[in-house]
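Trainee: All the letters of the sequence shown, read from the start, carry residue numbers -24 to -1, 1 to 249 under mature numbering (1 follows the signal peptide of the UniProt record, and there is no 0).
Everything hinted at is true.
Keeping only pairs whose Cα atoms sit at most 30 angstroms apart, straight-line, the calculated BS3-like set for lysine-lysine is:
#1 Lys229 to Lys189
#2 Lys229 to Lys53
#3 Lys172 to Lys190
#4 Lys19 to Lys151
#5 Lys99 to Lys116
#6 Lys71 to Lys36
#7 Lys242 to Lys53
Calculated from the structure, these hints are not laboratory results.
Model, not experiment: these values are computed from the prediction.
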Amino acid sequence: MKAMFKLVVAILLPLFLWNCKTTAYPEYNDPIPAHDTFTIQSKNVDELRTINVWIPEDYKNSTEGVDVLYMPDGGTKEDFPHIANTLDELIKAKKIKPILLVGIENTQRRRDLTGKTDNEEDKKIAPTVGGASEFRAFIKDELFDEIQKRYRVTDKKGIIGESLAGLFIVETFLKQPDMFDYYIAMDPSLWWNNHKMVQNAKHDLLNFTASNKKIWFASSKATDIVPYSQELSKTLKETNSKNIQWQYSNEPKEDHSTIYRATKEKALIWSLN
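Let the hints inform the model, and build the full structure from the sequences given.
Mentor: Below, the structure is given as C-alpha cells:
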C-alpha cells in the first residue's frame, strides 16, 4: 500500500506543481503614481463608480488638449498603476505622445464586461452576468462627458484591457466602433457565449461603417482563447476593410497571467502612433 501511495504521489505531484506554475498569477508591487480620483453616480449601471485619472507631466506645461486612454480594471489595486507607469516611461522616451489615462475601478467585473449568453456554464461565473451594454452606456453617455468637463482633452480616445476586459473591448469594436479610435485587447475571452462574437464577426466587419479605426489584439497559449483569436485574425484579413488597421500578435510563450505586461509596450506604441 505504501509503495502504491508513493507511486501516486510521484506521478501526481509534478502535475500539480506544473498546474500551479502555469495558472498562478504573479504578485506585483507596482508603485501607485500620483493621480486624481473622483466618483460618478451612474444612472446606467445604477451605482457609484470610482474613476482614477493619471495626468502626464507635460499636461501642466501646455495649453493643448491630450488624447485619452480608457481602461476597465482601472483601480489602484488592479491594472491602473502598471499601465500608468508604462505610459509615463514611453512618453519620456518619446515613443508616444502625452496621453491621459482614465481607469474605471471594478465593482462587479464579470457583470460589466460580459454580454448576454446562452451558455449555462458562462452564467455560473458570477451571480450576475451580461451587463456589458449598460457598462458601455455608462462610459459613452456619462464618463466621456465628465472627462471632457474636468480635463483639457481632444476627441481622440482609445481603450485597453485583458481577458474579460478584452472581450468587452472586441465587442465594442464590432458593435459600436465609433466609441473609440483604437482598441487594445490582450487575451480577450472570446470563448464567451460559445464564441458567437467571433462567428458573427464577418457580418459585423462587412457592415463596418466607422472610419480610421485601429485594433491590436494578442493571445497567449491559453487553449480556450488562441483558436478564437486566430479565427478573428483570419476574418479581419478576409474582409480586408479599408477603414480598419489591425494587428494580431500570437504569443505562445506567454500565459494568460503574463500576457498583459509582456505585450503592453508594443501594443501601445503601435496603437498610439
